[in-house]
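A.B. asks: In order, the protein sequence lines correspond to chains A and B.
Be aware that the first sequence starts at 1, since it is given in our numbering, and climbs by one per residue.
Be aware that the second sequence starts at 284, since it is given in our numbering, and climbs by one per residue.
Hints should not be assumed to be uniformly reliable.
What the hints assert, rightly or not - Straight-line alpha carbon distances no greater than 30 Å define the calculated BS3-like cross-link-like pairs of lysine-lysine that follow:
# : chain 1 : residue 1 : chain 2 : residue 2
1 : A       : Lys78     : B       : Lys455
2 : B       : Lys591    : A       : Lys117
3 : A       : Lys29     : A       : Lys69
4 : B       : Lys456    : B       : Lys591
5 : A       : Lys117    : B       : Lys312
6 : B       : Lys591    : A       : Lys52
7 : A       : Lys66     : B       : Lys456
The hints are simulated quantities; they were obtained by calculation from the structure and are not laboratory data.
Fair warning: this is a prediction, and the values are worked out from it, not measured in the lab.
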Amino acid sequence: MSEIRIENLCFSYDSSATILEDINLVIDKPELVCILGANGAGKSTLMHCMNKLSIPTSGDVYVEGKNLKEYHLRDLAKIISFVPHQEESTFSMSVLDTVLMGRIPHSGNMMTSDDIKIAAENIKLLEMQNFAMRNFDELSAGQHQKVMIARSLTQEPKIMLLDEPTANLDVKYQMLVMRMLRDVARIKNITVITICHDLNVTAMYADRVIMLYNKGIYEDGTAAEVLTKENIELLYGVKCEVMEIQGRPHIALLDGDELDSHIGDNYQSISREADVSQESESE
Amino acid sequence: MVIGKKKTIVTSDSDVSHMFTEYRASRAKKAMAIILMIVALLIASIYGLSVGSYPIDFVEVYNIVIDHLFHLDDPLTTTDERVIWNTRMPRLLFAIVSGAGLAVAGAAMQSMMKNPLADPYTTGISSGASFGAVVAIAFGISIGSISTGTTVLAFFFALVPAAVILLLSTFKKTSPSMMILAGLSVMYIFNAMTQYMMLVVDSETMEAAYQWTIGTLNKSSWSTLPIMAIVVIFGSLAIMNMSKYLNAMNSGDNYAKTVGVDVKRIRIIILVLVSVIAASIVSFTGIIGFIGLVSPHITRIFLGSDNKLLIPGSLMVGALVMVVCDIIAKSFTTTALPIGIVTAFIGGPVFLTLIIRQKKEVW
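Excised from the complex, chain A in its bound form (with noise of 0.2 Å):
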């Protein structure tokens, strides 16, 4: 069974500067789950503590049973993979290449027959036939994200993990983004852990939201759960109503004085002079 086990995790890059204090998490279903946080929260951190980019400072992190510590990155390669927030290739390659260093924790030095139609089946998976042979940089940003998690897909891990896979997309592609990531957890019986920053999308496709505050987690359970009026004006600091649609939360950000004690007195006198002008020009 696919299990993340933390237990008491702290973690801090010095003594004055703690991320993440006596974290408790047990993620053990194939589903879509989904962290969520302010700017600063330790939503990287927490994810990099569970495929050893990152050691706590204390605490354990077990993986099917097996504390981190134990593992070598190669085995854990065999049940973690990790999108990172975005490809920092400076030469780039074909796609279908691309694709194929998933294979690099299962494969000898030369690519099998059986590593290429694994690798072209994610391809065709996230529909990208098209641009197997093309150059990866050639790409825009949404289908670099899809061959990105057709690359973690192509390691056929128990555990994806997805450091901001919506960010620079469209609408349109974060929700097939995160449509494809719900549906692949279902599909491939594998956990899908997530940090995503549109609670919108969050509602509409998760199927557990974990909320990071304060150095902890806040919140733990469904989006209908845990995506309340009151945890996101708390976690976020702005106004907000919450309704539901199509039986799921849907967030209304409201525009407020809350955010003023968050800029600067320049923009604010610039602020307050676009508001004079428009209620002019309207009069």
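Chain B: place on chain A using the hints.
C.D. replies: Same frame as chain A, but now just chain B:
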């Protein structure tokens, strides 16, 4: 696949098999390009053997080479045979081995550093080698002979920058920028010491030291070839064996770790391999620039950036470019020009052309 409400996979086998066939065809095409490079290298090599102050016909060269390859024990009876086997063949093999080694080291450095401007000398190898050679020449350090002393000291000091980086890596993250900056620091120190020594030695020693720093194949010999060849062959094979890790590292350290690559370990192994290959070449030939920088970029045009093809492809291109440069070096003057001058003279404009032709803004 239909994603969403139906949640059923409608995989089209024809799409998958089409991608499979297309990929195999593309790889076959690239393999063919490498074979063509080998053919071009063979032709250039035979032609290169015919060029020199003592002209020998191209067909005659071919006959002598084939004849002697099948009768290695036969004595060299004619002048043509002696010129080809005792003088030109070791020089040609030196060109092939050093060109191949520098290009492989350059390709590995560019992929490992994620930097298109990296080359085998990026970590300060050439400045270390120069200092070693100048010390040997200035103090007349002899190990059997002055020339061996120069080679040994150049090799030893060429490895110093790598040793400094290895030392730093024990308590500092081995990022590409750390390696480049540490290499630069060591380079400045060595350059300062070399310049000081050049100021205080007599003019004859200064000239000898200066001549050493300009790469040349004039010192090629059968006796020293095996040392360099063994290092380059085994070093290149080891680097090729790590090509899939270099591919992953091209996507960033974090991604590489998540596919099981021990980034720090691989980076150190590559650094050591590149340093040993470059040091073994530089200590015998002096500093030959541009081959390690330009050859991988030329190879990318034909074979792309997958290190599994890029590294063997760069090996062939590096060897070919070096042989062609040596032909040019031998063609214009009665005594061959130092090849370091030719590679720099040709490499500069070639690199500029590549920059202009390049669509991407990366380099």
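A.B. asks: Can you confirm whether the C-alpha distance between B:Lys456 and B:Lys591 stays at or below 30 Å?
C.D. replies: With Cα atoms ~27 Å apart, B:Lys456 and B:Lys591 stay inside 30 Å; holds.
A.B. asks: Verify the proposed pairing of A:Lys117 with B:Lys312, using a straight-line Cα cut of 30 Å.
C.D. replies: holds (19 Å)
A.B. asks: Please work out if A:Lys29 and A:Lys69 have their alpha carbons no farther apart than 30 Å.
C.D. replies: holds (23 Å)
A.B. asks: Assess, step by step, whether the Cα of B:Lys591 is no farther than 30 Å from the Cα of A:Lys52, and give holds or violated.
C.D. replies: holds (27 Å)
A.B. asks: Do the alpha carbons of A:Lys66 and B:Lys456 lie within 30 Å of each other, as the hint requires?
C.D. replies: With Cα atoms ~28 Å apart, A:Lys66 and B:Lys456 stay inside 30 Å; holds.
A.B. asks: For B:Lys591 and A:Lys117, compute the direct alpha-carbon distance and say whether it is at most 30 Å.
C.D. replies: holds (19 Å)
A.B. asks: Would the pair A:Lys78 and B:Lys455 pass a check requiring their Cα atoms to be no farther apart than 30 Å?
C.D. replies: holds (29 Å)
Comparing the model with each earlier hint shows no violations; every hint is respected.
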